[in-house]
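> Given the sequences, and given the hints that come with them, work out the whole structure.
2 protein chains.
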Amino acid sequence: MSLIVVGSVAYDGVETPHGKVDRMLGGAATYIALAAGYFTKVGIVAVVGDDFAQEDLDLLAGRGFDLSGLERVPGGKTFFWAGKYSPDMNDRETLRTDLNVFADFNPKLPEAYRSEPYLFLGNIQPELQRHVRSQMAQVRLTGGDTMNYWIMDFRPQLLATLKEWDFLLINDSEARQLSGEYNLRRAASAILEMGPHTLIIKRGEYGAILCRRDRHFIAPGYLLDRVFDPTGAGDCFAGGFIGYLAGRGVSANHDGIDFAELRRAVIYGSVMGSFCCESFGVDRFRTLTREEIEARYREFQACTEF
Amino acid sequence: MSLIVVGSVAYDGVETPHGKVDRMLGGAATYIALAAGYFTKVGIVAVVGDDFAQEDLDLLAGRGFDLSGLERVPGGKTFFWAGKYSPDMNDRETLRTDLNVFADFNPKLPEAYRSEPYLFLGNIQPELQRHVRSQMAQVRLTGGDTMNYWIMDFRPQLLATLKEWDFLLINDSEARQLSGEYNLRRAASAILEMGPHTLIIKRGEYGAILCRRDRHFIAPGYLLDRVFDPTGAGDCFAGGFIGYLAGRGVSANHDGIDFAELRRAVIYGSVMGSFCCESFGVDRFRTLTREEIEARYREFQACTEF
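Chains as they are written, first to last, in my numbering: chain H, 6 to 311; chain E, 6 to 311.
All the given hints hold, so there is nothing to weed out.
If we take Cβ atoms under 10 Å as the criterion, some of the chain H residues that face chain E in the derived model are: (1) 93; (2) 181; (3) 211; (4) 212; (5) 220; (6) 222; (7) 224; (8) 230; (9) 231; (10) 307.
Some chain E residues well away from chain H (every beta-carbon gap over 12 Å; in silico): (11) 69; (12) 102; (13) 296.
Partner residues are not named here, just some residues of chain E that face chain H (Cβ under 10 Å, in silico): (14) 193; (15) 210; (16) 305; (17) 311.
Rather than coming from a laboratory, the hints here were simulated on the basis of the structure. Every residue gets a Cβ at the ideal spot worked out from N, C-alpha and C, and that includes glycine.
Listed below in structure tokens is the structure:
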């Protein structure tokens, strides 16, 4: 095992112009782990209720994930989120958020996880993220995600947490909120003063930007000819990104992470995000192969080289 | 001389978060010609009033542009547009549009222009675009721009015009409107059935997509650390694109235009659009050098290679 993923495992109800599913496996940790699992071994830290279905457990276990950190709360209900996308799928309306057992999520790191080298902290309360990080003394690369709520209402805690991360992976609006700068280059400069030596700004269908103090890399988004359901695409980007780095055994040195590897990690992130959009929920990952991933990586290269 | 540019020469009033200018040189043909002029000789077809200032004429003449197609209407007033940008500069509100002499613009092609090989038709009534095209029997490459108004209210005329073009260069919302498809790959497929063998879809700060039936190229936008005034950036993209192709003497064969040259033309388009945003109106082009253009092209390459 190699990468520890902390975050939500949930059920989602999703409606897009292409259809509607009332309840299906979702959650950030689920998507991150499924995407990363093509590149590296994964251990999950999350919480579910006893309504969590055996078939969903089987899907995760079938990928070889270590589920000893997946806590099951007797009598509890799994986090449920429901949303509806706009016709162009660039906006979505949240119809329901039942935190259930996720409201009191206090990540418990199994002893065996503590010596693992890679850690991705999904979007949870920053102090919980920090507590997990503090238990992993030998970690080689730590990074994660956050969201507007923590940026606005838990800023001191978030800033203390970020100081110990190698990379932060957030979307453009979060980068603007965290930095107070609209321009993304200025936003990146401000955020890189907060601790992480590497920042990845996700821009949805428009791709992503990778920033370090001394250089940056701009990746356009892969052009799909049909977006079926964008739920989880950003988390799959994260999974592809950290999964690739973990699979390659990459470490940070005084310059940060090798930039050529980082660039490739961003493209693998985009590739995994693009696959995610091709079916409802996690469905695309039921059949996706590593060969398809490599083929899309090469296609990405062919469509962007000049 | 080599490239004929047809379109508006105007005065603009612009307010951005960085300042306000009540009246300055603007217009699509102005921006296209200024950007293209770094790569090729340019002849302009446009109309102004007798309020058009000598210093603005001098700027254009100083670039070596052929102005024999720049009609001056005695007693007429030059097209005036005023707009105000939102704080993030992704939206703008039109405060005033006085078409003035542009309302009756009927492009008159000087005899000497008719044998030129490159033609860019800026956004004017499609039948006028078609009429200009019909007078250039030896043209090697023809393309242009259009807008929502012609797409909605002059569709048959626009479709007849497009049939004779090699390339169409529009923004993403226009591509969606013209094709009736939201997804840009599907929109591109539909538009490529209308006549042009090459389609360039501009996506503002997010870059551009180049589409042919058999392949496509995705270019991200250059990341500026300050956008001073985005007015004219799309037209400068067009000028860089067609200017580069004209300067290289590129022709279309049965496969369309050489794809490697097209990709480079798109990057030069992005480069010219990025410079445009660095100052108010056309100001950046008063000092910009070809060396700066080449340096930014190389920087673009360094920031996107993986």
